[in-house]
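Here's the letter readout for the chains.
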Amino acid sequence: MEPALVISAKKICKTYGDLTVLNKVDINIQKGNFYALLGHNGAGKSTLLKILAGQEYYNKGEIEIFGKKLDGHLKEVKNLIGHVSEQINYNVPLSVGEFFINYSKLYKLWNEGLFQDLISRQSFDLSRPFNEFSRGQKMQIALIAALAIEPELLLVDEVTSVFDVCARNFYIKLLKDFCNRGGTVVMTTNVIEEIQNNATDTIILTKGNILLNTPSHQAAQDLVKVRKTKENEQHDFFKMKQLFWVGTNSDFTESYIFHKKECVDKKEYLSFIDAREITLNEVFMFYTLRQE
Amino acid sequence: MKFEMVPIYKMFNKVFLQHLGLLWSLIILLGLIGQVMNFTVQDCWIYIVMAYSFLIFYSGLFIITSNTANYSTNFNWLLSLPISRVKFYISHVVYCLLQLFEVFVLSSICLIVSLLISPAGGFLLNSKQHKLAKLIMNIDFLPELPMTSDLLGFYLLVILGIVNALFILPNPMRLTSQNNFAIPQKYKKYFFVLTFFVGIYLISGPPPIITFSIFLGLLAFFTYYKLHAFFKIKPLGLKHVIVYSAVLLSLNFTILYINSILNVNNSSLPTDKLASEILFLGKLHKGVGKKTVERVLQSEHIMNTHMTDIIQIYFDNNRRNNVLDPQTFDVIQMIKAKRSLSSFYQSIALFDRNRLTTYQIEQIVKIYKTKPFFNYNPNDTKILTFLKRKFSTRQLRQLLSSSIYEVRNEALKLAIFTKQRKLISEFIIAHIHLYEENLTQLVNTLSFLSLKRVTFDSLKQANQIMQSDFTEIDCRQFLFKDIQKNLPAKLGQLYYCNNQMAIESKFKLAPIMLWRSDFIMSYDAKIRDNLAKVKQELVDLKNYGL
Chain A
86 MEPALVISAK KICKTYGDLT VLNKVDINIQ KGNFYALLGH NGAGKSTLLK
136 ILAGQEYYNK GEIEIFGKKL DGHLKEVKNL IGHVSEQINY NVPLSVGEFF
186 INYSKLYKLW NEGLFQDLIS RQSFDLSRPF NEFSRGQKMQ IALIAALAIE
236 PELLLVDEVT SVFDVCARNF YIKLLKDFCN RGGTVVMTTN VIEEIQNNAT
286 DTIILTKGNI LLNTPSHQAA QDLVKVRKTK ENEQHDFFKM KQLFWVGTNS
336 DFTESYIFHK KECVDKKEYL SFIDAREITL NEVFMFYTLR QE
Chain B
1257 MKFEMVPIYK MFNKVFLQHL GLLWSLIILL GLIGQVMNFT VQDCWIYIVM
1307 AYSFLIFYSG LFIITSNTAN YSTNFNWLLS LPISRVKFYI SHVVYCLLQL
1357 FEVFVLSSIC LIVSLLISPA GGFLLNSKQH KLAKLIMNID FLPELPMTSD
1407 LLGFYLLVIL GIVNALFILP NPMRLTSQNN FAIPQKYKKY FFVLTFFVGI
1457 YLISGPPPII TFSIFLGLLA FFTYYKLHAF FKIKPLGLKH VIVYSAVLLS
1507 LNFTILYINS ILNVNNSSLP TDKLASEILF LGKLHKGVGK KTVERVLQSE
1557 HIMNTHMTDI IQIYFDNNRR NNVLDPQTFD VIQMIKAKRS LSSFYQSIAL
1607 FDRNRLTTYQ IEQIVKIYKT KPFFNYNPND TKILTFLKRK FSTRQLRQLL
1657 SSSIYEVRNE ALKLAIFTKQ RKLISEFIIA HIHLYEENLT QLVNTLSFLS
1707 LKRVTFDSLK QANQIMQSDF TEIDCRQFLF KDIQKNLPAK LGQLYYCNNQ
1757 MAIESKFKLA PIMLWRSDFI MSYDAKIRDN LAKVKQELVD LKNYGL
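From first to last, the protein sequence lines stand for chains A and B.
Here my numbering is used: position 17 in the first sequence is 102, and no number is missing along the way.
Here my numbering is used: position 475 in the second sequence is 1731, and no number is missing along the way.
A few of these clues could be false.
[As the list claims (entries may be wrong)] If the Cβ cut is set under 10 Å, some of the chain A residues that face chain B in the computed set are:
id, residue
1, Lys95
2, Lys135
3, Ile166
[As the list claims (entries may be wrong)] Residues from chain A that keep clear of chain B, each with C-beta distances beyond 10 Å, as calculated:
id, residue
4, Thr105
5, Lys109
6, Glu161
7, Gly221
8, Asn265
9, Glu318
10, Lys326
These are computed hints drawn from the structure, not numbers from a lab.
Note that the structure is predicted; figures quoted are calculated from it, not measured.
Ideal placement from N, C-alpha and C gives every residue a C-beta, glycine not left out.
Here chain A stands alone, though its shape is the one from the complex:
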């Protein structure tokens, strides 16, 4: 049976004046998965999430969320989507408790128990006003609120990069549990390590185009990592244009990645293969560098 589609977007275009941010982006998001949306700065990740959250309009294309067209069902759809962005700035002259009492009335499925539970686990004082909280704390509260609306889709935009390590692990686990309960997460981040073993799917967006949309465990299956050492550095193989540097290792050797299909002679590289696993970071670097 085909897994249910949460989002089906076709040929989405978004421009700001002369600047094209999204260029005919096709994207399908399946229910229950944890998507890592990766891309360099300015690639269009936040814009894509804003469009999916109904915050921003797109110039062309079609978007269906939960089988309904976004254009005509914005209000219904918003009830099912939680959106947390690092750009969100709660600037209200209210205490957190007062604010969320008002906020919760707008959502049909608001889970007060979950909200109170998470807030107390993180020891936030609800009687304090928003401006007394740090940016990271505000983001944590926003993420808790987004979970408490019992969404089916959670869009998380760069939020975890402002969290401390403990908070990051705590919330990543929360998001994974949310997916295990049938929810769907699309998360953008520049700290790729944090989702290395958590994201079920990886999407790479570069210059407004989707380069890769695949299950994370398959993201590296067509790629080969080789290691350049002092002994083999003069070999002609390392002069190949299709080879992309992805990092220097602790033993001062350098790792390169290439696509299997782009190297004809398999025998040529067998002796240089780096046996270590290709990380998501390296996959991201390979695709974005190759695109450039």
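Given the structure of chain A, go ahead and fit chain B onto it with the hints provided.
Just chain B, lined up with the frame of chain A:
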């Protein structure tokens, strides 16, 4: 801890109190600065008034900016809430209305505080605030409100509101980057400059129809962008902008027009309102216009056969009455019978004003300025511009030489605002005795305007003031007829004494007028440089204890 729903008024109160606190701090700060200046430089109360008036004029800008800045930082999450965009739009409109209310209340508080310090601050009130201040403070020393002051406050508020809405409130379709505002930010400065000049023009008192058109134009522009921002997805081209603006503008006119038609038979409507509608409508709808004019005139008991003829010519023969035609009713006789300002204007509008003779203009101005029931305002420059769009230099010169004092003054104001500087110089030299008298008594603030203008204009040629030594001048002995002999050489002295008298005067409104004239005139680039030099020189002179 148990939390309860926070009603909207409570949220508004919180925002209001925040702003009140900020504004109050600014008042105290400015007050302290003023007091320090007063103590160190002495007799420097004008700076306090200037500081307060600055705060008053810009408090609207400050509050709206602060509010909309708050609003736009909250825009992202507001838009992600599951509420329809229509509701969002409505809430936004309500929010804007509350802001206007807040601006009004807070600026009133500032004004009342400034009034407590100096009654001269009353000059800066708008009419509603004026009434409010009188009511709250139960005082009778407030100066009468000039019309220009009211307009100044009103237009500043309107313009600032519109400009803020256009530039600070982001377009919710495209929120976060530089390009996301309804108007690209790169054009912001040009629009600010444009609105500043429009504001200056409005303050100078243009004909009502121009004021009204500018206001409607801004309103249409503002409405268009609001609608576009909330209901349109794709950016629209220039032709759409033109079409939408035209539609909205037509809609505004239609509403006004329908309103006028409906009001014709509304017996409870005051006649001055009817008369102003006639001014607007003109011959747009003969039946309505004619009927309204007749009703206004009947209510003033001046409807007779002559009047019927005039109205007949105006509405049915499709031409304005020739003021020189001996067959028509005498325009002077007609306006003499007028009992309200609007019916006065409306009666003149029945005639072809461009054919008015100098004698007729003199008489009309005299009637206008001497009728006790017209809200006489020494700064009102409307009457001459209403009577004639453009005066020839010859006719203006005739008016400047008029034997009627009010006419000379009006002509001088017109010469100042239309920049006929040569005439001002001529006039000052020719009527130096009049100026000497006026300046000595410091009753005619207009003299300051004209003399300052002449001084500034000539300064750029002579650059006298920077080189002159004023220490030996006794301004009390300085006779203005002296300058007739050698005007360029004496300009520095003239300016120095002019300001010295203003500063020493106990007539506290004069410095306000002086400052306001700076404000009005400083848009002239040629004058601005000299103005800065003169101001610096004045400060230096004061520092030397002069």
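Now the hints, each set against the structure:
no. : hint   : in the structure
1   : Lys95  : violated (17 Å)
2   : Lys135 : holds (8 Å)
3   : Ile166 : holds (8 Å)
4   : Thr105 : holds (12 Å)
5   : Lys109 : holds (16 Å)
6   : Glu161 : violated (8 Å)
7   : Gly221 : holds (17 Å)
8   : Asn265 : holds (25 Å)
9   : Glu318 : holds (44 Å)
10  : Lys326 : holds (35 Å)
Checked against the numbered hints given earlier, the structure breaks hints 1, 6 and satisfies all the rest.
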